[in-house]
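Colleague: Line by line, the protein sequences give chains A and B. With this note's numbering, the residue at position 109 of the first sequence is 142, and numbering never jumps. With this note's numbering, the residue at position 38 of the second sequence is 45, and numbering never jumps.
Treat the hints as calculated values from the structure; they're not laboratory data. Just to be clear, a hint being listed does not mean it is correct.
Where chain A lies over chain B, by a calculated footprint (3+ residues, C-beta under 8 Å) [what the hints assert, rightly or not]:
#1 9 to 18
#2 29 to 42
#3 67 to 73
#4 123 to 133
In this text the structure is predicted, and so the values were computed from the model without any measurement. Think of the CB as a built atom: it goes at the ideal place given N, C-alpha and C, for glycine as much as any other residue.
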Amino acid sequence: MKQEKIHKIWSPAIECMDRAKLRELQNERLRATVKLEYENVPLYRSRMDAMGVKPEDIKTVDDLKKLPFTEKTDLRDQFPYGLLAAKLTDIVRIQGSSGTTGKPIVTGYTQNDIDVWTEMVARSLTAAGGDADDVIQVCYGYGLFTGGLGAHYGASAIGATVIPMSAGNTQRQMMMMTELGATMLCCTPSYATYLGETLKEAGLLDKVKLKSGVFGAEPWTEEMRQHLEELFDFDACDIYGLTEIGGPGVAFECLEKTGMHVNEDHVIAEIIDPETGEPLPYGQKGELVFTTITKTGMPMIRYRTHDICSIDAKPCACGRTFLKISRLTGRTDDMLVIRGVNVFPSQIETCLVGLEGVAPFYCLIVDRVNSTDKLEVQVELSDEIFTDKVSEIEELRGTIAERIKSVVGIAAKITLVAPKSLPRSEGKAKRVIDRRNLTNV
Amino acid sequence: MYIHQITVFLENMKGTLSKLTSLLADKGIDILAMSIADTSGFGLVRFIVREKDNDECLALLKANGYAARKNHVICVRVPNEPGGLNRVLCLLDEAGISIEYLYSFNYSEGNNALIIFRLSDREQGLKIFHDNGISVFTQEEINSIQ
Chain A
34 MKQEKIHKIW SPAIECMDRA KLRELQNERL RATVKLEYEN VPLYRSRMDA
84 MGVKPEDIKT VDDLKKLPFT EKTDLRDQFP YGLLAAKLTD IVRIQGSSGT
134 TGKPIVTGYT QNDIDVWTEM VARSLTAAGG DADDVIQVCY GYGLFTGGLG
184 AHYGASAIGA TVIPMSAGNT QRQMMMMTEL GATMLCCTPS YATYLGETLK
234 EAGLLDKVKL KSGVFGAEPW TEEMRQHLEE LFDFDACDIY GLTEIGGPGV
284 AFECLEKTGM HVNEDHVIAE IIDPETGEPL PYGQKGELVF TTITKTGMPM
334 IRYRTHDICS IDAKPCACGR TFLKISRLTG RTDDMLVIRG VNVFPSQIET
384 CLVGLEGVAP FYCLIVDRVN STDKLEVQVE LSDEIFTDKV SEIEELRGTI
434 AERIKSVVGI AAKITLVAPK SLPRSEGKAK RVIDRRNLTN V
Chain B
8 MYIHQITVFL ENMKGTLSKL TSLLADKGID ILAMSIADTS GFGLVRFIVR
58 EKDNDECLAL LKANGYAARK NHVICVRVPN EPGGLNRVLC LLDEAGISIE
108 YLYSFNYSEG NNALIIFRLS DREQGLKIFH DNGISVFTQE EINSIQ
């Protein structure tokens, strides 16, 4: 049932802070972060030295542009502990996601970082109408992936009743949701749609008491929001985050649903031109870049998300003074988000290396069937086929599927195709066909 | 004592088989025996041509984007009567040799059917056939099929 549009704010003193004061706070925290990084992380020190930048040169947020960028590949190359600014003894948690190739990326959290993250999620859930009276069903996966634990801690912080379902087992999710009277739902928007449609088919929708949902970990569209809100008759709010910066809650929507407020007392958002790296003015579309200013475990300076969006600096009717980022409209690299999991085509390549009988040509076909993402990987056979036995070809398919499952973390349908049959442009195979239509916002 | 067989990978889609046979027909290549093993995703087409056509056929297939290979199989004469095939299979079974697949020629020689075998142990299989007086059809004999 849809709630009355009342803007609840978890930390009003911060979230509605005067922008000049907020800027001062950011300046001070940025200086401390840069100093911390320079003194403790060899990679940052050497990069800053190479650019001739000293921590003292960074006085305000305007000086950010003097600092080097951080890339996902840096996390992979420095895996696992190379980017830690804190000692391992002070790290209390590891979270991670898949990297661009076989190797995962991980981040280390101090207790401070966990508290910061929890605060950000508490604000996000509150903005979607949540409070201590709510029963919050979390069906993000619990584990290395930040979704489950992130939502869980935030929901606990606001005093809500948490149902830690984790992902999967839809029948059980439906039973718990209806029997326990969940009032809020946290999961990916595609899973929410699937749940909603399955509840509808089972004739159970009138037993659902959801008033809102906080959905993230994958891009979605306004059309999906409308569909979800019609299904459940509730408020569907977007939430943004990434493991490298701290997990979900880096930015969140309020009930105005006009973009996601960035938790600016903890992170600074910039939009840059992905080609030149130059900062772009508010309102202009470009690549989103984050600098953390309160993290102590693995702070990030100018981390390139490769997500494309714009920043909206107009005041929001909810009363928060935090800037808003628009819906993500695409990526500057070839990363895909499939069932909430980051997938890079290059990961697939690693899985095919050294396999007899296949050529290094493949194509990822992503589709959404019944609100669930499906990944098909087409792999070209080499022209000298390695066997005349069906069983050995089936074995090869099984091996590829297993490797992809272990490297990427999701199940894929493997289709073997004839040599040179995949579409090519300029001699290179087209690596991705995404039929989900998620970026036409 | 072995004969050559060509194996081609086909995607399980409408029209792929006739596209393949058209390609061979246009070059005047005669298919003497053929079998198809299929799954939901793909099929393997195996066939026998005369020796003179083997290399041309293989090159033609690869040039046209097919995954193909040439390998050895055994072809035996089996009397075209009840129990004819059974006798051969029982011999293999007793010797502990597995059959990966088998299929027959479109052509029969007098009162004999010609059966192509892919065995788990090719050499042992040939020995069993020899020891039990089962006649093996040679590549030369295939080449002279009219």
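Colleague: Run every hint past the structure and note whether it holds.
Modeller: Now for the hints, and whether the structure bears them out:
1. 9 to 18: holds (count 6)
2. 29 to 42: violated (count 0)
3. 67 to 73: holds (count 3)
4. 123 to 133: violated (count 1)
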